[in-house]
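Two chains, two separate frames, one set of hints: put the complex together.
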Amino acid sequence: MKTRATKGSGKSATETPESSKSTGPKIPLGADSANPLQLFILPEGISNEARIITLQNPRSLEESRYLVCPEREFYEFKAFTEPKTTPRSWLLSEAEILGKYETVEAEFVKKSTEPTGYVTRNATLFIATPIDSLFLILPALAPLPPSKNTELPKKLFLSGDDYLEKLGFTSPQLNSFLRAEPIRAGLEKRIATVCDRVEGGDETMYRLNEEKLLDEMLKKAKKIISSGLPASMEEKLVRKALDVPILGITREQSLLNGDEVDTDLTQPGSRTPAADTPDTQTTSSTDIAASSFSEASSAATSFTEDFMAPPPIQNLKTLPIINAPDGVADLLRLRTAFFFICSNYIAPHLSETLKKMLSSSKSAVDFSPLDSHLAYLAKMRQEAASMRSIADFSRKRSMIEDEDSETRAEKKRKKEEEEKRKKAGESQGVKKLKKVNVTGMKKMSDFFKKK
Amino acid sequence: MLEARLEQADVLKKVVDAIKDLVQDCNFDCNDSGVALQAMDNSHVALVSMMLKAETFSPYRCDRNVALGVNLTSLTKVLRAAQNEDILTIKAEDAPDVLNLVFESSENDRLSEYDLKLMDIDQEHLGIPDTEYAATITMPSTEFKRICMDLMALSESVSIEASKDGVKFSCSGDIGNGAVTLRSHNNVEKPELNVEIELTEPVSLTFSLKYLVNFCKASGLSKSVKLCLSNEVPLLVEYALAGSSYLRFYLAPKIGDDE
Numbered sequence: 001m002k003t004r005a006t007k008g009s010g011k012s013a014t015e016t017p018e019s020s021k022s023t024g025p026k027i028p029l030g031a032d033s034a035n036p037l038q039l040f041i042l043p044e045g046i047s048n049e050a051r052i053i054t055l056q057n058p059r060s061l062e063e064s065r066y067l068v069c070p071e072r073e074f075y076e077f078k079a080f081t082e083p084k085t086t087p088r089s090w091l092l093s094e095a096e097i098l099g100k101y102e103t104v105e106a107e108f109v110k111k112s113t114e115p116t117g118y119v120t121r122n123a124t125l126f127i128a129t130p131i132d133s134l135f136l137i138l139p140a141l142a143p144l145p146p147s148k149n150t151e152l153p154k155k156l157f158l159s160g161d162d163y164l165e166k167l168g169f170t171s172p173q174l175n176s177f178l179r180a181e182p183i184r185a186g187l188e189k190r191i192a193t194v195c196d197r198v199e200g201g202d203e204t205m206y207r208l209n210e211e212k213l214l215d216e217m218l219k220k221a222k223k224i225i226s227s228g229l230p231a232s233m234e235e236k237l238v239r240k241a242l243d244v245p246i247l248g249i250t251r252e253q254s255l256l257n258g259d260e261v262d263t264d265l266t267q268p269g270s271r272t273p274a275a276d277t278p279d280t281q282t283t284s285s286t287d288i289a290a291s292s293f294s295e296a297s298s299a300a301t302s303f304t305e306d307f308m309a310p311p312p313i314q315n316l317k318t319l320p321i322i323n324a325p326d327g328v329a330d331l332l333r334l335r336t337a338f339f340f341i342c343s344n345y346i347a348p349h350l351s352e353t354l355k356k357m358l359s360s361s362k363s364a365v366d367f368s369p370l371d372s373h374l375a376y377l378a379k380m381r382q383e384a385a386s387m388r389s390i391a392d393f394s395r396k397r398s399m400i401e402d403e404d405s406e407t408r409a410e411k412k413r414k415k416e417e418e419e420k421r422k423k424a425g426e427s428q429g430v431k432k433l434k435k436v437n438v439t440g441m442k443k444m445s446d447f448f449k450k451k
Numbered sequence: 001m002l003e004a005r006l007e008q009a010d011v012l013k014k015v016v017d018a019i020k021d022l023v024q025d026c027n028f029d030c031n032d033s034g035v036a037l038q039a040m041d042n043s044h045v046a047l048v049s050m051m052l053k054a055e056t057f058s059p060y061r062c063d064r065n066v067a068l069g070v071n072l073t074s075l076t077k078v079l080r081a082a083q084n085e086d087i088l089t090i091k092a093e094d095a096p097d098v099l100n101l102v103f104e105s106s107e108n109d110r111l112s113e114y115d116l117k118l119m120d121i122d123q124e125h126l127g128i129p130d131t132e133y134a135a136t137i138t139m140p141s142t143e144f145k146r147i148c149m150d151l152m153a154l155s156e157s158v159s160i161e162a163s164k165d166g167v168k169f170s171c172s173g174d175i176g177n178g179a180v181t182l183r184s185h186n187n188v189e190k191p192e193l194n195v196e197i198e199l200t201e202p203v204s205l206t207f208s209l210k211y212l213v214n215f216c217k218a219s220g221l222s223k224s225v226k227l228c229l230s231n232e233v234p235l236l237v238e239y240a241l242a243g244s245s246y247l248r249f250y251l252a253p254k255i256g257d258d259e
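Quick mapping for you: the protein sequence lines, in order, are chains A and B.
The UniProt record's numbering puts the first residue of the first sequence at 1, with every later residue one more than the last.
The UniProt record's numbering puts the first residue of the second sequence at 1, with every later residue one more than the last.
Excised from the complex, chain B in its bound form (with noise of 0.2 Å):
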């Protein structure tokens, strides 16, 4: 038995919008430290990876682990039927068929109830170990989102360069090229401005900007965004959530020149 209660259901609302784009069907993987799902797009060169802890919802009760496969433009449907401040309880039997999803609105005591069919996935889990990233920048995700739309007018793909300098954002297609440069900046007042670089050794890498366009859909769950690079591995984007929740997306950078 699965109940998991929370406050916000405005969390699992854009948590779903944003992975409902790059995945199709998917696992939420429940057991007693909270949800968790690991999946891949179709062309298996990004991986998306959602924990959402136990402590994010109140209450959150789960006997035994399951697994609930899902369609994600269906959750989408249902998920839509809910407003941002309402409270979301899922819940779910031991071997489900259905998820349960209730609504309340704490305003006017309205209770809606829906179940969603489920289904069952094949899915292989990747391991993946903890890295320590050549250069990891926080900056607030806005301007991640601006960034990527912006050089996306241009190209297909940007070049992410960090060195003590700051990390510069670079692209160039057949109407011309461009650049956006950031250093790292500190605002006393507003600390989610905050640019931050940390550096071991500099790094360049070429990423697809449809992905990372894709990736930014995230950009309303967090006011800021990290992302870890080192030569050789797939960029981490992550999205912090409450609690040590996170969303992160993984993206295997272009290698070889074809641009």
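Next up, chain A with everything else stripped away, as it sits in the complex (with noise of 0.2 Å):
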């Protein structure tokens, strides 16, 4: 129960050090509130009239909640939770107690003694962060089809006022925002960069271009790279996936690349053994690495090119050079960018297509090149996997059996139990038979032949 007085979101405990040390750990906590308090870091100057409201999410379209400011854009959150190996916590605390702390002594502690600040149960902290709101307008544009096995409807154009409308259905708490001015003019300049447009008459209808879509997306993801891409999705997703896979010294002299051979061989530990690497599917672990990562996602999303601070950018000097053709490098950064942008804010049925699109031999950028590296990687990696399978005996795990550990554990289960079983159908004799020493003793089987 002690740990409690310290995490508990009680008021009591809310007492600095000073005062504890005065009151002593006595008091009693108070009830857990049942609307605790949550930490919000918003953007600086925002209106008085912006809200916190619910929309759909682009991607799960389901309800999440978003910082709206008539006058500016929209900000989706960004949690920040603490590891659960090291519970933390927020102190709250009236900023004037602290700032009269030094000069005005006498009063702090008679203020401290009563309850005045609070400790959140955990330490999330929330972040506002800018979103391109052509995101949300995303599901007006591009609607799901009805049912999987249907077409998509025939795209009609439409004019702004009818997505606006649209989007006001799926999301209803944002239709008194759509009635101010900059948030639908910045709405309708954002549908009209991917879409195509037609004058009717004094309006201007739109229908969504798939391809003007995935130039957007493109444009973001370079943006996305051009200040590198987050230090951990760098080592994850670039890193690991251009990984050379260490073969035999016969292997490596038979390498294509001479200049691979030469770092091969002064750089030995640049880089992991195949069977540590885990084959990085860019596109299946993406949504996982990505979520943790912020500084992409605001990258990602904010267009507009006040954009505050640039992500921190890894000293790419320290880290070994990453051995790939040129470009290689610079093309996977892209497409594991895309792809983030992808999972995380477009819908599915849309995503899908985007990444057909851009794997086609039509789309703006070639990934050729970075696909047969990727393809000739893999070829290489099964290679040093079959021989380390042969020739390594104390890595008794490889890396395909890793992924299927749940089943192997469950077997073990099985395993355990029918022995357990089997245990109990054992006689007294039986069991002190298996102690008999049998040196020297033939089997049966010697003697008599089989039938």
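Misleading hints may appear alongside valid ones.
Computed list of lysine-lysine pairs in DSS-like fashion (alpha-carbon distance at most 30 Å, straight line) [unchecked claim]:
{"#": "1", "chain 1": "B", "residue 1": "Lys210", "chain 2": "A", "residue 2": "Lys450"}
{"#": "2", "chain 1": "A", "residue 1": "Lys435", "chain 2": "B", "residue 2": "Lys190"}
{"#": "3", "chain 1": "A", "residue 1": "Lys431", "chain 2": "B", "residue 2": "Lys164"}
{"#": "4", "chain 1": "A", "residue 1": "Lys431", "chain 2": "B", "residue 2": "Lys77"}
{"#": "5", "chain 1": "B", "residue 1": "Lys217", "chain 2": "A", "residue 2": "Lys443"}
{"#": "6", "chain 1": "A", "residue 1": "Lys451", "chain 2": "B", "residue 2": "Lys217"}
{"#": "7", "chain 1": "B", "residue 1": "Lys210", "chain 2": "A", "residue 2": "Lys432"}
{"#": "8", "chain 1": "A", "residue 1": "Lys432", "chain 2": "B", "residue 2": "Lys77"}
{"#": "9", "chain 1": "A", "residue 1": "Lys415", "chain 2": "B", "residue 2": "Lys117"}
{"#": "10", "chain 1": "A", "residue 1": "Lys420", "chain 2": "B", "residue 2": "Lys223"}
{"#": "11", "chain 1": "A", "residue 1": "Lys451", "chain 2": "B", "residue 2": "Lys117"}
{"#": "12", "chain 1": "A", "residue 1": "Lys379", "chain 2": "A", "residue 2": "Lys423"}
{"#": "13", "chain 1": "A", "residue 1": "Lys422", "chain 2": "B", "residue 2": "Lys217"}
{"#": "14", "chain 1": "A", "residue 1": "Lys443", "chain 2": "B", "residue 2": "Lys210"}
{"#": "15", "chain 1": "B", "residue 1": "Lys117", "chain 2": "A", "residue 2": "Lys422"}
{"#": "16", "chain 1": "B", "residue 1": "Lys223", "chain 2": "A", "residue 2": "Lys432"}
{"#": "17", "chain 1": "B", "residue 1": "Lys164", "chain 2": "A", "residue 2": "Lys442"}
{"#": "18", "chain 1": "B", "residue 1": "Lys168", "chain 2": "A", "residue 2": "Lys423"}
{"#": "19", "chain 1": "B", "residue 1": "Lys117", "chain 2": "A", "residue 2": "Lys431"}
{"#": "20", "chain 1": "A", "residue 1": "Lys431", "chain 2": "B", "residue 2": "Lys145"}
{"#": "21", "chain 1": "B", "residue 1": "Lys91", "chain 2": "A", "residue 2": "Lys451"}
{"#": "22", "chain 1": "A", "residue 1": "Lys450", "chain 2": "B", "residue 2": "Lys53"}
{"#": "23", "chain 1": "A", "residue 1": "Lys414", "chain 2": "B", "residue 2": "Lys217"}
{"#": "24", "chain 1": "B", "residue 1": "Lys168", "chain 2": "A", "residue 2": "Lys435"}
{"#": "25", "chain 1": "A", "residue 1": "Lys423", "chain 2": "B", "residue 2": "Lys210"}
The following residues of chain B were derived to be distant from chain A, with all beta-carbon distances above 12 Å [said to hold, decoys possible]:
{"#": "26", "residue": "Asp25"}
{"#": "27", "residue": "Ala54"}
{"#": "28", "residue": "Asp150"}
Keep in mind the hints are simulated off the structure, nothing from the lab.
From the three backbone atoms N, C-alpha and C, an ideal C-beta is built for every residue, glycine too.
Okay, structure coming up:
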């Protein structure tokens, strides 16, 4: 129970160390509040009209909370959570107390005996980061097909107002903001960038053009990689994917690229052995790795030019050089960033189309060098893995087995159970005979032939 | 459909008791000539072979060959419910899931019935050829049991030497050594105490006493036991049952001097 006193959200726990010394830990804890406080960091200078409202999430199509400022733009919330292994909490206290602490000590002591602060249960911090309103309008521009089998409905040209109305239908709380001119204009402008336009009388009609959307997303992806991918994304999705597995010396000499041999020999620690490198399928793992990176997301979502602070660029000089033909690493970064955007902000049906378009030969960026290099690496890894499994007995787990460790655990459990049952049906005599020294005794099958 | 009625339940009780300490699960193979069983211990150095001929039962009916896979510990539990004098009937379908056992007490018209779940056991059968043994010793089963128990106190293994003078069981262990010698002996009044030695050539072999003691659990089945030895082949310990039924144990000799 002692630990609770420091962690719990009771009001008395908010005393600063000084006061708790004088009063002792005996102050009873207040009850958990039903509606605990949460900590947000909101952008500077948003108007008083800004509200946190519920909108449809463009990826999951579920409801999520967004911050909308009528004079500026949309913000999404990114949650930062402390790792489970090191529980933390925020101590919230009135600013004046801390400010006056040194000068008006007496007053502070008096005040601090009354519960004025608040300790949050966990250290989750929500940061509002700008999101491109294009993402929010996308579900309206490209609605889900009614059912999986039917074709997409024939795309019609609709006016900007119609799209906004649709958006208001799925996210009713937005309606009051749609009246604000800056928001409305901003949304229409974003619609215009990805749509074919037709002037119909005094109204402009729009229809989603996937190619334009792809271009727009590629622009965003390029922007992400221009300031460098976040360090761990770079490490997990780019560096590992391009890792050249270490093969036997004979194998290395037969490598296609002579330069690679040199770096292999001079920087033996630069790469991990093949078995350590899970075959990173960029498509599948983007979701996992990406979810923890807000730098990338903010870069992806801020379309305004005045993007505040660029994400911390990793010091590339300290990292070993990636061993890949020219441009391949950049292509992979671009694709990683693109998939990241797709997996976070674009509904699955639309992102499928975009990915298909991207891989098709018609796309603006040619990924074929990357694909061929990745295929080549996969082949090398397979070879290295098969060589390892023969040559190396110290590593009993191969990377393939790692994946189905769960099924293996289940098998083990079943085996144990069976053994238990077997033991139960074993008589005393059988158990004793197991201990008998049978050295020098031949098996019965040595004397009698099998029938 | 298998149906076999045994006048005295204790035959099966004792057979199962004797085997259950050697093997855990085994198949009772039933065909029209009777119920047979062959199984090896976990280390595969000993083998038990049982044959209960159809004549042992009255009546005996077996339409189709069936293998009854049984856990012997479980079978013992069920057989414990039978009195030695009860009439025992075993029944099974042609493709059975269970073995049905009925115990009838003629004294008090008590009838008890049990179903034992069967299991699938993968077992390989070894072909045991008829062997002309160099030495065949017949002796009271209690005598053989006593020798094994006595020598077991000294050592883990016993050497059996058969010569024209008699048969000598000897062992040596940490605390000392010991030997028991039996000579051919004819007791006219009590023929079951006879010791007969048939010999074509002298034999000397060493065996694990723990296994022999284990075989001796079958002593209750028969008054006399037959030991058959030849160099380089397993020892045969045979307990003859009524009719020409038998319970046989085979044990591989110890080769090399690791005592």
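Evaluation of the provided hints:
no., hint, result
1, B/Lys210 - A/Lys450, "26 Å, holds"
2, A/Lys435 - B/Lys190, "39 Å, violated"
3, A/Lys431 - B/Lys164, "39 Å, violated"
4, A/Lys431 - B/Lys77, "18 Å, holds"
5, B/Lys217 - A/Lys443, "22 Å, holds"
6, A/Lys451 - B/Lys217, "28 Å, holds"
7, B/Lys210 - A/Lys432, "9 Å, holds"
8, A/Lys432 - B/Lys77, "20 Å, holds"
9, A/Lys415 - B/Lys117, "21 Å, holds"
10, A/Lys420 - B/Lys223, "39 Å, violated"
11, A/Lys451 - B/Lys117, "28 Å, holds"
12, A/Lys379 - A/Lys423, "47 Å, violated"
13, A/Lys422 - B/Lys217, "23 Å, holds"
14, A/Lys443 - B/Lys210, "17 Å, holds"
15, B/Lys117 - A/Lys422, "15 Å, holds"
16, B/Lys223 - A/Lys432, "26 Å, holds"
17, B/Lys164 - A/Lys442, "28 Å, holds"
18, B/Lys168 - A/Lys423, "39 Å, violated"
19, B/Lys117 - A/Lys431, "23 Å, holds"
20, A/Lys431 - B/Lys145, "21 Å, holds"
21, B/Lys91 - A/Lys451, "28 Å, holds"
22, A/Lys450 - B/Lys53, "23 Å, holds"
23, A/Lys414 - B/Lys217, "35 Å, violated"
24, B/Lys168 - A/Lys435, "27 Å, holds"
25, A/Lys423 - B/Lys210, "21 Å, holds"
26, Asp25, "7 Å, violated"
27, Ala54, "21 Å, holds"
28, Asp150, "18 Å, holds"
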